[in-house]
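Student: Whole structure, please, built from the sequences with the hints as guidance.
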Amino acid sequence: MSIMRINIGPIHPSTHGLLRLIVDVDGDTIENIDTRIGFLHRGVEKLLENRIYMQSPPFMEKIDYVAPMSWDELFVASVEQATGTEVKEGAQYIRMILLEFQRIASHLLWMGTFLNDLGQMFTIFMWTFRERAAVLKLLEDVAEGRMFYVNFRVGGMKSQPPSDFADRAYKLVDYLESQVSEYKDLIDNNPVFMQRTKHIGVLKRKDAIEYGVSGPVLRGSGVYEDIRKSKPYYKFDKIKFSVPTMVNGDVYDRYKVRYEEIFESIKIIRQCLQAYESLENKDVLGLKIKLVGPNAKPDPVLVSRELPRGEGMIYMVPEPQKPYRAAFRSPSFSNLFALKKIAVGSKFADLFAILGSLDIVMPDIDK
Amino acid sequence: MEIQKEALVQVLEEHKRKGFDYLKKVLAVDYQSYLEVVYIIYNTDSKEQALISVKLPDTKHPILDSIIHIYSSSDWHEREIHEMFGIAFKGRENMEKLLLLEWNGQDFPLRKSFAWGAEYKKKE
Numbered sequence: 075m076s077i078m079r080i081n082i083g084p085i086h087p088s089t090h091g092l093l094r095l096i097v098d099v100d101g102d103t104i105e106n107i108d109t110r111i112g113f114l115h116r117g118v119e120k121l122l123e124n125r126i127y128m129q130s131p132p133f134m135e136k137i138d139y140v141a142p143m144s145w146d147e148l149f150v151a152s153v154e155q156a157t158g159t160e161v162k163e164g165a166q167y168i169r170m171i172l173l174e175f176q177r178i179a180s181h182l183l184w185m186g187t188f189l190n191d192l193g194q195m196f197t198i199f200m201w202t203f204r205e206r207a208a209v210l211k212l213l214e215d216v217a218e219g220r221m222f223y224v225n226f227r228v229g230g231m232k233s234q235p236p237s238d239f240a241d242r243a244y245k246l247v248d249y250l251e252s253q254v255s256e257y258k259d260l261i262d263n264n265p266v267f268m269q270r271t272k273h274i275g276v277l278k279r280k281d282a283i284e285y286g287v288s289g290p291v292l293r294g295s296g297v298y299e300d301i302r303k304s305k306p307y308y309k310f311d312k313i314k315f316s317v318p319t320m321v322n323g324d325v326y327d328r329y330k331v332r333y334e335e336i337f338e339s340i341k342i343i344r345q346c347l348q349a350y351e352s353l354e355n356k357d358v359l360g361l362k363i364k365l366v367g368p369n370a371k372p373d374p375v376l377v378s379r380e381l382p383r384g385e386g387m388i389y390m391v392p393e394p395q396k397p398y399r400a401a402f403r404s405p406s407f408s409n410l411f412a413l414k415k416i417a418v419g420s421k422f423a424d425l426f427a428i429l430g431s432l433d434i435v436m437p438d439i440d441k
Numbered sequence: 044m045e046i047q048k049e050a051l052v053q054v055l056e057e058h059k060r061k062g063f064d065y066l067k068k069v070l071a072v073d074y075q076s077y078l079e080v081v082y083i084i085y086n087t088d089s090k091e092q093a094l095i096s097v098k099l100p101d102t103k104h105p106i107l108d109s110i111i112h113i114y115s116s117s118d119w120h121e122r123e124i125h126e127m128f129g130i131a132f133k134g135r136e137n138m139e140k141l142l143l144l145e146w147n148g149q150d151f152p153l154r155k156s157f158a159w160g161a162e163y164k165k166k167e
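The listed protein sequences derive, respectively, from chains Y and S.
The working numbering numbers the first residue of the first sequence as 75 and each following residue consecutively.
The working numbering numbers the first residue of the second sequence as 44 and each following residue consecutively.
No wet-lab data here; the hints were simulated from the structure.
Take the hints with a grain of salt, since some may be wrong.
[Claimed, not checked] Simulated pairs of lysine-lysine, DSS-like, Cα-Cα distance not exceeding 27 Å:
no., chain 1, residue 1, chain 2, residue 2
1, Y, Lys120, Y, Lys136
2, S, Lys61, Y, Lys309
3, Y, Lys309, Y, Lys162
4, S, Lys90, Y, Lys314
5, S, Lys155, Y, Lys396
6, Y, Lys136, S, Lys140
7, S, Lys133, Y, Lys415
8, Y, Lys414, S, Lys133
9, Y, Lys120, S, Lys98
10, Y, Lys278, S, Lys98
11, S, Lys103, S, Lys59
12, Y, Lys258, Y, Lys278
13, Y, Lys211, Y, Lys309
14, S, Lys133, Y, Lys371
15, S, Lys90, Y, Lys278
16, Y, Lys364, Y, Lys136
17, S, Lys103, S, Lys61
18, Y, Lys278, S, Lys61
[To be verified] Just some of the chain S residues that point at chain Y, by a computed CB distance under 7 Å:
no., residue
19, Arg60
20, Asp64
21, Tyr65
22, Trp119
23, Leu144
24, Arg154
Backbone N, C-alpha and C define an ideal beta-carbon position, used for all residues, glycine too.
Tutor: Structure follows, in C-alpha cells:
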C-alpha cells in the first residue's frame, strides 16, 4: 500500500500545546513521525542573562504551567547553591510539602486530560479536576497565587504558612487518598481503558535509557531512578517512601506509575507535616527581594530535581548578581524525543494515547 | 572533567562501556574567548554522574564530532546547540533547525555577541 502523509497541528486539541507532527502512515500503521517543535520558543535562557536573580522566577514558572512551583523552586535552589545560602529547616519541610502537592495537582490534571485523549470524554476529567481544585485552594492560601505563585525566596519562602495550614493539609491528604483510591474502579476495571493502554506504545528498558527519557516514563520502563532517592535534596533522605516502577513500559505502565506516585506523595506530605510540626523554630522566611542580593561565586553549579514530568536540571554559570548562562534540561524535551521510537509501528489511532502517556508540556520543551 | 575535542568520541565510548549509559544533557556556554560544550552523562546502575567538557577556541567556525552513534538522545541537543551557538557537528545527518524553524536571523541567539533588539525577518 502507498504511504499517506498526515499533518497534525501545530494547533490541535490533542497535542496539549503547539506541536506539529507529520505522520507517514501505511494503511493504519505509523511508518515515520517527524516531530516539529519550537512554536512556543520564547528564549527564556537568554532572558535570564539580562535579569538579576530574583527577577527570573516569574519566567521560570511559565516554563511548565501545569507544575509552576517545581521550576520556580529549581531555579531558586540553583541561586542558593551559587550564593552558598542555607535553606531554613522549616522552609525545607514546607517546600517539600508544597512541591509534593504540586506533583499531585500535576498528575491529577494529566490523568483527566489523558482519559480525554483516550475518548472517555470529561468523566474522569471532572473527578480529577475536583480534587485538583482542592489542592490549588490550599496552595492559593499558602502561596498567595492561584496558578502562578512566585513564593520561593533565597533561603526560604515568601511568607509564613497560615496557622491552620497543617490541619488543613492533613485533612486534604485524607480526602485525596479516599478520592483517588476510587479512580481505580473507574479506570483499572474499565475493559475499554485496558484495551487501549495494555501492550500499546511499548518502550523497552534499554531504549528508555538510550533515548534519555526520565521521570514516570523511565520508571514505567522498569528503571529504578528518582532524584529524590539517588541524589536526595532537602530532607528526602529522612523520609520513607518508595519509588513505583513497572516492567512492560507500555502506556498502561506509565499511567500506573503516576497513579501510584500520588499515594507516595501523600506519604511524604504526612511525614513532612509531622516533622514540621515538631520543629521548635517554625520560621520559614527567606531573604526579601532587593536590588542587590547576595553575591554568587563564579563556579558553575548544577542542580537536579525530580519534577512531576521527570528530571529537571539547571546548569548555571553565575555572575555576582545575574546568571552569565543558565541552561535547562527540561524533562518533556527528552520524553518527546522518544515519541518517534515508541510510536513507529503502532496503529495511528494509538498515537494520541502514546503522546498523552508521555505527559508533555510544550513550553517546557520550547523554552 | 575537561578533555581535548579530538578525544571526545573515544572518551565517551569508554565511559559508555564503563556503564555510563544515559545522556542527560548536552549544553554549551559562550565564554567569548572560547566556547565550551558540556556533556552530562549518568550511570543508571551505580547512580554516578559525570560532566565532560570540551573547549572550542575557534569561535568563528567551531566544529565538534557528533556523538549520536554513542547516545541517540544527543540528537535534539546537538541540533539545539547548532542553531543557538553555531557549533557544527561532524558525522551526522539532519542539522535542520529545531526551535528556531521559522526564524531567519544570521546571528546565534545564545552567543554573547547576539544583538538585542535587532529586527529579524520571518522566513518566507
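Student: Could you run down the list of hints and mark each one as holding or not?
Tutor: To see whether the hints hold, each was checked on the structure:
1. Distance restraint check for Lys120/Y and Lys136/Y: the Cα-Cα separation of roughly 15 Å lies within the 27 Å cut-off, and the hinted pair is therefore satisfied.
2. For the proposed pair Lys61/S and Lys309/Y, the alpha carbon gap of about 31 Å is over 27 Å, so the pair is violated.
3. Restraint check for Lys309/Y and Lys162/Y: the C-alpha separation of about 12 Å stays at or below 27 Å, so the hint holds.
4. The straight-line distance between the Cα atoms of Lys90/S and Lys314/Y is roughly 19 Å, inside the 27 Å bound, and the hint therefore holds.
5. The straight-line distance between the Cα atoms of Lys155/S and Lys396/Y is roughly 14 Å, inside the 27 Å bound, and the hint therefore holds.
6. Proximity of Lys136/Y to Lys140/S is assessed by CA-CA distance (about 24 Å); at most 27 Å being required, the pair is judged to hold.
7. Our distance criterion of 27 Å between C-alpha atoms is met by Lys133/S and Lys415/Y, whose separation comes to about 23 Å.
8. A hinted pair counts as satisfied when its Cα atoms are at most 27 Å apart, and Lys414/Y with Lys133/S qualifies at roughly 23 Å.
9. Proximity of Lys120/Y to Lys98/S is assessed by CA-CA distance (about 21 Å); at most 27 Å being required, the pair is judged to hold.
10. As the CA atoms of Lys278/Y and Lys98/S are separated by approximately 35 Å, the hinted pair breaks the 27 Å bound.
11. A hinted pair counts as satisfied when its Cα atoms are at most 27 Å apart, and Lys103/S with Lys59/S does not qualify at roughly 31 Å.
12. With a C-alpha separation of about 25 Å, the suggested pair Lys258/Y and Lys278/Y falls inside the 27 Å cut-off, and the hint holds.
13. Distance check on the hinted pair: Lys211/Y and Lys309/Y sit about 25 Å apart at the alpha-carbon level, within 27 Å; holds.
14. Restraint check for Lys133/S and Lys371/Y: not satisfied, since their Cα atoms lie roughly 35 Å apart, outside the 27 Å limit.
15. Under the criterion of a C-alpha separation no larger than 27 Å, the hint pairing Lys90/S with Lys278/Y is consistent with the structure, at around 20 Å.
16. Under the criterion of a C-alpha separation no larger than 27 Å, the hint pairing Lys364/Y with Lys136/Y is consistent with the structure, at around 22 Å.
17. With a CA separation close to 35 Å, the supplied pair Lys103/S and Lys61/S exceeds the 27 Å bound.
18. Proposed proximity of Lys278/Y and Lys61/S is supported: the alpha carbons are some 21 Å apart, at most 27 Å.
19. Below 7 Å, beta-carbon pairs count as interface contacts, and Arg60/S has none with chain Y, the closest being about 15 Å; its hint is therefore violated.
20. For Asp64/S, the shortest C-beta to C-beta distance to chain Y is roughly 5 Å, which falls under 7 Å, so the interface hint holds.
21. The criterion of a C-beta within 7 Å of any C-beta in chain Y is met by Tyr65/S, whose closest approach is roughly 5 Å, and the hint holds.
22. Checking Trp119/S against chain Y by beta carbon gives a least distance of about 5 Å; that is within 7 Å, so the hint holds.
23. Annotation: Leu144/S was flagged as interfacial toward chain Y, and the flag holds, the nearest CB pair being 5 Å apart, inside 7 Å.
24. Using the Cβ-Cβ criterion of 7 Å, the hint placing Arg154/S at the interface with chain Y is not satisfied: the shortest such distance is roughly 10 Å.
In this structure, the hints that do not hold are numbers 2, 10, 11, 14, 17, 19, 24, in rising order.
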